[in-house]
Each structure stands twice: as C-alpha cells, then as structure tokens.
Amino acid sequence: MLQIQNEQQILNDVRTMIAGIIGQDVDLNDQEIALDTSFNRDLELESIEFVVLSEQLQNRYGKDIDFAGWLASKELQDIINLRVGDVVRFIEQCH
Amino acid sequence: MTMHGVKLVAADDTKTLMEGLREGQTLTAGRGQMRLAVINPTPERIERAIKLVEKGKPSRGVQEMWFVPDGLLQSGGKLAFMYPGIDSQMPIDTRDVADWFHMPHVKAQRDASLENRGSEVFFTSDLYTRILKKLGIKADLLLGHSIGEWTAMVASGYAGDQSVEEVAAAFQPGMLPVPGVVFVALSCGVDKARAAIEDLPDLEISHDNCPHQSIICGIEASADAAMARLSTQKIMCHKLDFRSGFHTSLFQNYTGVIENSFRSLNFGEPKLPLWSATTCRPYPRERDALQKLLIQHLVEPVRFRELTEALYAEGVRVFLQVGAGSLPGFINDTLRGRPHLALSTIASQRSALAQMQRFCTGLFAEGADFDFNAMHKEPDKPPVQELRSVPPAPPAVALDLVQEMELCFADMRDAMREVTAALQTTAPFRLKTKHKLSLKERPELMDHCLYRQKKGWKNTSDLFPVMPMTATIELVKKLAEAHVEGRVVIAIEDIAASKWLAVESVKELDIELSYDGRRRLKVDIIGHFVATAVMATGYPAAPACSLPPLTQPRASSIPLATVYHDGWLFHGPQYQCLTAFDAVGTDGIDGRIKATSTPGALLDNVGQLAGLWIMQALPIDRYAMPIRIKKVSFFGPQPQIGIMDCSVRNRRIRSRDIMFDMEVSSHNQVWARLEGWEKWRFECDDKLWQFLLKPGRRLLAEQREGFSWFEPQQLSDGICHDLSRRYLREAERKIYQGLSATKQKDWMCGRVAAKDAIRQFIWSRGYAHDIHPAEIWIQNDLNGKPCITEMPGEWLLHVSISHKENLGVAMVSELPFPGIDIERIESRQDSFLRAAFTSSEWDLLPAQDRAEWITRFWSAKEAFAKSTGLGLQGDPKKFVIEELQKDRIRIQQAWVHSTKLGSFIVSKFGGFH
Chain A
1 MLQIQNEQQI LNDVRTMIAG IIGQDVDLND QEIALDTSFN RDLELESIEF
51 VVLSEQLQNR YGKDIDFAGW LASKELQDII NLRVGDVVRF IEQCH
Chain B
96 MTMHGVKLVA ADDTKTLMEG LREGQTLTAG RGQMRLAVIN PTPERIERAI
146 KLVEKGKPSR GVQEMWFVPD GLLQSGGKLA FMYPGIDSQM PIDTRDVADW
196 FHMPHVKAQR DASLENRGSE VFFTSDLYTR ILKKLGIKAD LLLGHSIGEW
246 TAMVASGYAG DQSVEEVAAA FQPGMLPVPG VVFVALSCGV DKARAAIEDL
296 PDLEISHDNC PHQSIICGIE ASADAAMARL STQKIMCHKL DFRSGFHTSL
346 FQNYTGVIEN SFRSLNFGEP KLPLWSATTC RPYPRERDAL QKLLIQHLVE
396 PVRFRELTEA LYAEGVRVFL QVGAGSLPGF INDTLRGRPH LALSTIASQR
446 SALAQMQRFC TGLFAEGADF DFNAMHKEPD KPPVQELRSV PPAPPAVALD
496 LVQEMELCFA DMRDAMREVT AALQTTAPFR LKTKHKLSLK ERPELMDHCL
546 YRQKKGWKNT SDLFPVMPMT ATIELVKKLA EAHVEGRVVI AIEDIAASKW
596 LAVESVKELD IELSYDGRRR LKVDIIGHFV ATAVMATGYP AAPACSLPPL
646 TQPRASSIPL ATVYHDGWLF HGPQYQCLTA FDAVGTDGID GRIKATSTPG
696 ALLDNVGQLA GLWIMQALPI DRYAMPIRIK KVSFFGPQPQ IGIMDCSVRN
746 RRIRSRDIMF DMEVSSHNQV WARLEGWEKW RFECDDKLWQ FLLKPGRRLL
796 AEQREGFSWF EPQQLSDGIC HDLSRRYLRE AERKIYQGLS ATKQKDWMCG
846 RVAAKDAIRQ FIWSRGYAHD IHPAEIWIQN DLNGKPCITE MPGEWLLHVS
896 ISHKENLGVA MVSELPFPGI DIERIESRQD SFLRAAFTSS EWDLLPAQDR
946 AEWITRFWSA KEAFAKSTGL GLQGDPKKFV IEELQKDRIR IQQAWVHSTK
996 LGSFIVSKFG GFH
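In order, the protein sequences belong to chains A and B. Numbering of the first sequence is given in the working numbering, commencing with residue 1 and proceeding in unit increments. Numbering of the second sequence is given in the working numbering, commencing with residue 96 and proceeding in unit increments.
I should point out that these hints are in silico values taken from the structure, not numbers from a laboratory. Hints are not guaranteed to be accurate.
[Stated by the list, open to error] List time: in silico DSSO-like cross-link candidates among lysine-lysine, alpha-carbon distance up to 27 Å:
#, chain 1, residue 1, chain 2, residue 2
1, B, K334, A, K74
2, B, K972, B, K995
3, A, K63, B, K334
[Unchecked claim] Just some of the chain A residues that point at chain B, by a computed CB distance under 10 Å:
#, residue
4, G20
5, I21
6, I22
7, A34
8, E44
9, E49
10, F50
11, V52
12, K63
13, D66
14, G85
All C-beta atoms in this analysis are idealised placements derived from N, C-alpha and C, irrespective of residue type, glycine included.
Hey, can you work out the whole structure from these sequences and the hints?
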C-alpha cells in the first residue's frame, strides 16, 4: 500500500480525481478545489460521480478505505454538506 | 429574481471573438464557429474570459464562463432531449420560469404518493417542453427514462393532440405498485448486480442506468439478501422510497388494467423520433407494435446505459434533461472520457430561472442557435397567479388564445387533481382497537373444533374451537373497510398466523391498525396474526384462470362422501362446503365448493382441498396446518351462493412446510387468487396419522403382554401439545400445563400408555363403542398414585404408570394395587448397590449380565413398592427380593414379572388377590 504522507498530498490526489471525474480542465495551481470546497454546492458532483470517486479512492489507497461504509453512517444532510476536506481527513484517519 | 446579463459571443476566429467580448453590449449573439459566454459579465470576468481565450483551452461553465472553440453541436453532434421518470431528485420550485414565460404553474403535490410524484414529473417536463419550444431550441431526437418515456411520447407527437393531462390520466392506473416489492439502487453496474441477485427468488434487475448505478427490484426478503451480499463488497445500496414492480416480470400480472387505458389513447404522427430504453431503438409507428412496446416497457428492464451507447453511436453528443432528475449523471458516467455534454433544465443548486440561463448558455456554447431574446427579456406581463386559489378573472391584458387554453387546461387539471386527491388520500393513521370473539356471537365456530371428542361432548376446551385462518382474513377485510371509507380490500398480503385464536372462552383481541394514507392498512392482532390489506376504490377486473392443468389427473382416492364423516377433515356442517373432487394430480387437486355466507368458509374449503391433496400425495407428515399466506387477491365481493371452481397447485414441498397457489373461480373468472399458502407439517408417522383420523378407535400405545408401551419416534413440542388436547380432558390438562417443559413429555407418554391400556381393556371386554381418550379421567391420589376417576363401562379398574425418557408404560388390573416400573439398563455405582440391596440379595445376583440384573432387581422393587401405593419411601431395603426365576422376581411372597425390552427393563406386579 502507498505510504500516505500528508493532507496536502491527499488533497492533490483528490483534486486530480475530481477533475478527471467532472471532466473539467482544472488548473491545479488555481485554488478552485480546496479543503472547504463543497461537493454539492461548489462542484455540483452527482451521486454517481461520488461513487466513481469512492472507487478511485479505494484503488489508490487500498481496500481499507471503506468509503461506502463511511457514507452510509452519515445523515443525508451531512452528505449534502460534505466538503473535500472531510474526505481528505477521512483518508488520513484510515492510515 | 432579476436576471443578470449574459454575454454571448460567436465568431470564426479568436480575434473577432475578443473584439466582440470587449464591446459594451451584454448580448452579442451571432453565427460563428467559436463560442464564448460569460454570465454576469463584470469587467473582472471579462478579463478572465480574455485570458481563457488566449490560453486556447476549452472551458465549460467553470466560474460561469464558457469558451468552446469547436462545439459539440457545431461540429455536427446531435441534441437529444431526455425525459426523466420518478427520481430521488424531485422538481424544485419552477414558478419563476413559469412566470417568466407566462405559463401556468406546476402545482406540487407534496404527499409523495407514487401517482402524485408521477404527475409532478409529467407536468414539470411538460412545462419545460413548452419553454424549449418558445425558446426555439430543437432536439434531433427524444428519449425517456422509465415513465419519462410517456412524457416524451407527448412531446414527440406520438400521443397525438392529447394533452399531457389526458395521457397522464390514461397511465395512472398503471402506477399501481406490485405489493411487497421494493427497489434498491446499487452503486455498481449490472454485472455485479447480476452476481448479487443470483439464486434469489423474485428479484430482478429493473434498471441498468450506467456503469456505476443499477437498480434491482423484487420481494423484500430477496432484496435484503442481495444487499447483505453487496455490503461485503463495499457497494452502496439504497432502498428507494417508493414501491412498484415496474420494469420487471413481477409487474406482468398488473398490466391488464392499463392495457385498456392504452387502448383509449389516440396515437398521432410523431414529429420527432423517440428512442426506447426497452429496445434501445426508435419507437415503432404502427399502432399494434406501439401498444406492444408500451406493455413491454413495463415488464422489461430500463436499459438506459445501452441506450446511451446506441445514441452516441447515432451521433448524439449533447443531452438535455427536460425536468429534474439524475439522467445527466447517468450519461456522464457511461460516456466518461468521450466528448459529450449532459445538461439539465433543473438543478437543485440554483433557482429554476438561474438554471435556465445556464443551460441555455451551455447550449449556445456548443453551437445551438435559438431565440436568445426570449431567454433574456424581462417579464412584461404580470405573472400568472397560482391558479387553484385565484380563478381566472377576465384578464386585464388581452391574453392570446393559447394562454387562454392553457388557463382552461390548468383549471381542469386542478379540478381533476382535487377529485383524485380526495379519493386517494385518507390521512394516514395508526390506532388501537379491540374486538370481542365469543361462541355466543359466532356459534358457527363450534363447527371448527380442532379436536374430535365423543359425540355430544360438552367441554369446549377439549373440543378446542378456533377461528379458521380464513375467518381471520375476513375479519381483517371487515376492519379495513370499516376504517377507510370508500375503499374495498383488493388484496391481503403477508398473512402470518402465530397462534390459534381459540374461542373456548370469550376472547378480547387487541388489534393495531396502521394505514399509510394511500393503499395499505396493516392489521396486527397482537400475539396472533398479522396481515396487510391493500385497498382501492374498486376491484380490478377478474382475470381468467391461470393455474396450469393437473399433471397425471386421476380420481380422488378419498371418496367425497367420507371426507367429513370418516374423519378425514374435522370440520362441522357450517364449514362442510366441498361438493365435488374433479381430479387429483401429482401437483394438485381440483374441486368444487359451495359458496356460503359463513365468514371464511369458502376460503377455508380451499385449504381443506389442499389438506386432502396432502393426505393422498405425501407418505408421512400429512398432519398440516396453515401458518402463512403470501397474498390473497380479490376480484370482487365474496360470493354467498353458487358453486365455485377451485384449483389448488402445489408449489413447494419441504420437510416441515408445504406451499400452494390456488384460484377460486366461476366460469373461468377468478374471484380470489391465493399465492403462497403455506402449511406447517407436523412430525407425524403413520401410527399417529391413523390415530388422528380415528381418535376414538385407534391406539397410539402398543399393547404388549399385560402392559401398554408408548415410545413415540419423535415427540416435538408441537405434537406433545397437540396430544395434550387429544388425550387429556381439561382437568388433566391443567396438571400437564403446570409441569416443567421437560417433565411434560414424560408425563404425557405415561398418560397415553395408561389411557390406551384402559381403552384396550374395555374393548377386550366386548364394549363396542368408540372411546375417546378424554372420556377417561385419571387423577392422582394424595400419595401420587394414579387412579381412574371416570371411564366408560361398569368395570372397576386399577392403573399403574411409569415413564422414563419420553417413554411411557402402563398397566391396568381388576385386582387392587397393580404396579409397573420402567428402568434403563445401565451400570450403577457400588454406593448405589450397597444402599439398594441387602447381602442376601447380593448373593442372588447372577454373575453374568450384571448390569441388566441389577436393573431388574431395582425395577422389581420399584414396581412392588408402587403397588403399595406409597413407593419405596427412601428405603429400598424395605422390600427384599427373596427368589429369582427366569423372568420373575419374588418379593414378599408375590411375583413381579420382569421383561427386557431393548435397553429397558419393565417390571410389573399384577396386584393383590
């Protein structure tokens, strides 16, 4: 499994994944996807895109990342308000 | 909300494009290959947009800016309008756009019933169809998802000049959900979904939406099992909040009702091709083929992913969702990595008006040309009011004919909705009620006594009258129809009986009713019975019989005339309605039943037929009682007279249960269909079975030389409890019920042996009548010695009983004080031997088969001591063995007979002369 270094690196990973998923040419130097970016309001990520993201996270960080289980434990409102930082911190916690 | 400006620029080269951008106008549309758009074009944004163009990298909507040098439509891609079905993403408030275009509002029905949600989806899509028309945005083709195909039919012109209201009304009955069926959305494609549902009954894939979403649909138990499998693979599963069996074969039986509705539709000439997600091809034009596809659409899966691929191959590059839903997400997932664009007219993140600006801008950027002014102009007429509360007064401003018609339709629609709503919604409730059951009010229940006793037997506890399960179903029907006005019960589902409703004494039932406000009323007769009544304003049309013909039909081996009179069935006159057996096959039985007004009798006789089939078809465990029914559907009120045809088909046989499907019909019109009628099979060998058929004539215990021996092969709690009703009278049963569970079985075995010994004795003396075990009353005296308090005949008889390990022995004697004992042969410790036997007895013990002889000695003492009525009283040396012969042992000058039976010794002493 990959050695996870820090929050910034995870954020970069997540950013690249999101950019790939929503098909936008996101400039990584631009602060467009930051820790406080909301998946729903800012990125308008669809639920299916979320599934793709979770799949990619699992491929990248290993099967220990039970993203589906983590989401299942949340209330609908929490999922709607989910920010990129929440996902980054979740991955950090798993290691 | 007021609309900010949008800057739209089109040109064939970047230079002209940037010039256009710098010009002061906020709206600069024109023909050109390259397209640039900026929403709310502040000077900063204009600067950023210029940078974007300079970079030359296409951008679509990031920070409300578009730069598309070679748009998807511009380069020949086709535009498709997608019509969503019922979705978790419900339409948002669209009044702002409706007002903008002077169109009537979509009235939201927030009670979330499937029908109303369906209506809201229809009308929202319809609103946007008209807006798109007004804007001049034209699609190359249309498609729909699930019932969105119906709205798409209207938009395409297939539905002729019928309004969306009429079409929606025609489809309404089709939205009846299949009972007990759930949808579960899975975050995986069909391959994984297929693996997850493998081998699970009544569970199918209903939607193949995209590589990361499929939906399965089926019965809850199977769905739960699939979810459990998927959760181990970290696949998200989500049960949808509406029920229906659409797009599965489970809906097959429900299409009949809507086929008629479809016939009422006038099909028109389509103006635009409509693609089907059932066939992944365009809809046919011929009426017959069209009607066939409409049905197919309901019972086959939605192949949206494949349709997406097919349309991509057809050249579609831009997909616009007309209404609210998840379709753009499905498209993006399927076409990920390939050039395409999926947009929606409604997005939950912004107001309807803001989203309109955005999707229009997006379409412009890809090369669409339309009436940008329509999108941009400020409203110049007062917005149309909520139509329900304000009837259209003569308009101050002259409305054009179209608007007038729209208002008229809107009125009609609202009126229709109000009527439908009034019919459809009794508020949900949950209440507790009581129901009194007594033989006084329900005397017919005396004809439903589970246990046969002597003719004229007065004790109702020994007879055990119970409510037939079918009468309880009638009660559920009655309760449901009494509590929900204007509705009839068209089906009862998930019927489960846990305990007999015994009416030996007056019974007060606690009942809990919970109604979902739409169709389903759950009835819980606490501690006894649960079921869910499905209600509707009327009965569905009676279908024709559908059960297959009997396999290898032959005549019944049980003649009809003997069924009730020779004890095959326990039912009394009020429930004796079988009038003919047509045939018995390897898979079921056909017969005829006389309809009566006795509640539950008709359906009870259906169960009787199933019972008679079991008796003829199964070699063992033929004693079966109903415990569950998956579903009973009614196609009319209960017939009260006439002869009904009844078919019973066996669906499944397992060691402990058996399941049937049945139909009750008249002239090939089904009145009631029973699916999954399940009976519990009690452990019942042939001996027990013969006894159950003729309890006054047959013995359960073996009659050996001088004693009675009862050793049941297996004695389950259920059978033991059953025997307590058949062998004991009420006073005896009270003693039995006071014993611990482990002691109950031993005790029961002893009583069976004793009563059979007594019955055998009486018959051996020439008594010619039946003797039911309850006619004999055995009590215990103060010392615990059993004595016969009551029995038929004039004899004075003494009894002795012994039991051990689910085995009972008993003997009777006309001489006073017989004694019997049973012991297992086993080696015993020296300390026991020293305590039990004197030295003279030691000397008598044979050297061979020592364990056996020690047991014989001990048992002989027990038997003799019993005969004194007092037992050994803790002093085994009180009675000393004096002599030993081959199979008898002398104690105090009396001979005790000693018999070895398997691993047991039975000792009996015949009594004192």
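We went through each hint and held it up to the structure:
1. B:K334 to A:K74: Holds, at about 16 Å.
2. B:K972 to B:K995: holds (23 Å)
3. A:K63 to B:K334: Roughly 25 Å separates the two Cα atoms, so the pair holds.
4. G20: Because about 9 Å separates G20 (chain A) from the closest Cβ in chain B, which is inside the 10 Å limit, the hint holds.
5. I21: holds (8 Å)
6. I22: The hint holds - I22 (chain A) has a Cβ within 10 Å of chain B, the shortest such distance being about 8 Å.
7. A34: Given a least distance of 14 Å, the restraint on A34 (chain A) is violated.
8. E44: It holds, given that the least Cβ distance between E44 (chain A) and chain B is near 6 Å, below 10 Å.
9. E49: holds (7 Å)
10. F50: At 8 Å from the nearest chain B Cβ, F50 (chain A) passes the 10 Å test, so the hint holds.
11. V52: holds (6 Å)
12. K63: Holds - the Cβ of K63 (chain A) comes within 10 Å of chain B, reaching about 8 Å at its closest.
13. D66: Since chain B brings a Cβ to about 6 Å from D66 (chain A), closer than 10 Å, the hint holds.
14. G85: Because about 19 Å separates G85 (chain A) from the closest Cβ in chain B, which is outside the 10 Å limit, the hint is violated.
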